[in-house]
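Engineer: For the record, the sequence lines run as chains B and A.
1 is the number of the first residue of the first sequence in this note's numbering; add one for each residue after it.
1 is the number of the first residue of the second sequence in this note's numbering; add one for each residue after it.
Everything labelled a hint here was simulated from the structure, so no lab data went into it.
One should not assume that every hint holds.
What the hints assert, rightly or not - Label pairs and their calculated CB-CB ranges:
no., chain 1, residue 1, chain 2, residue 2, range
1, B, Lys22, A, Ile191, 51 to 61 Å
2, A, Ile34, B, Lys47, 37 to 47 Å
3, A, Glu63, B, Lys47, 24 to 34 Å
What the hints assert, rightly or not - Here are a few chain B residues that sit away from chain A, every Cβ distance over 10 Å (derived from the structure):
no., residue
4, Asp20
5, Glu25
6, Ser29
7, Ile30
8, Leu34
9, Ala61
10, Leu64
11, Lys68
Using N, Cα and C, we set each Cβ at its ideal position, and we do this for glycine too.
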Amino acid sequence: MKELVEYIARALVDYPDQVDVKQVEGERSIILELRVAPDDMGKVIGKQGRIAKAIRTVVNAAALKENKRVMVEIIQ
Amino acid sequence: MEYTVEVCARNVEDAVREGVEKLGVKQDNVKVEIINEASQGILKILGAKPAKVKLTVRKKPDEYMKDIFENLMQKMMLNAVVSVKEKEDESICLDIEGKELGVLIGKRGNTLNALQYLANVIYHRQFSFGRGRILVDVENYRKKRKKTLEQLARNLAVKAMNTKSDVTLEPMTAQERRIIHLALKNHKDVITYSQGEEPFRNVVISPR
Chain B
1 MKELVEYIAR ALVDYPDQVD VKQVEGERSI ILELRVAPDD MGKVIGKQGR
51 IAKAIRTVVN AAALKENKRV MVEIIQ
Chain A
1 MEYTVEVCAR NVEDAVREGV EKLGVKQDNV KVEIINEASQ GILKILGAKP
51 AKVKLTVRKK PDEYMKDIFE NLMQKMMLNA VVSVKEKEDE SICLDIEGKE
101 LGVLIGKRGN TLNALQYLAN VIYHRQFSFG RGRILVDVEN YRKKRKKTLE
151 QLARNLAVKA MNTKSDVTLE PMTAQERRII HLALKNHKDV ITYSQGEEPF
201 RNVVISPR
């Protein structure tokens, strides 16, 4: 799951080296903390959060099989 | 779209930078050949020659997008085959086939639409001069959905006529609304229009 978010983020940004994802695992949920270069924030959020929402939709679909809730948080 | 370009500049770095800009792609997708380095000549004036480089795009849009999707499928742990087709208007069709790909479609195509949206953003980031669109389909879902929507449009047109009142459809993507509009374009008793703001924009079928 972590690699999926990393991969999508790297394809979207100008500074792929600065993409970092930390996985915080809970009992029934996984939190993925996505960090990107300050200039790239808009590139992973999009107008009205459209890109962020699409990333979450795709990640949730992938998480369906593992029966866990996955939350993607974009951290400044 | 141009996929190869030759540039002359004061030095190699400048030539590469200029060339990458001309191609409108990111530098990691460019192969650089140095045709000749800059030489300064005598006193930097006589016989000075500019640097000349040839740049070629490594992966064209169709290959590039196919790669992206193959990696995505692998990271989502799905066993799927991706095939790609480029249309005349530079649009790229990506078809994904395999077993148990329902998760890729989601409720009413939700996941599929998110994937397609991301694919379009990635494509335009990588190829800033690209004029095409990326169309993603899983197991012919779009084709089946088109048939369903056309049937729905015809049924609701009858309902609008019988009740002599407007019929409001649920919110849809632009691509799906278009199917409804086209299905009833030549209908003699109803007209269609869209109302509301994205992402809740929806079609209304109204008796003439």
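Engineer: Check each numbered hint against the structure and report the violated ones by number, ascending.
Structural biologist: Those not satisfied are hints 9, 10.
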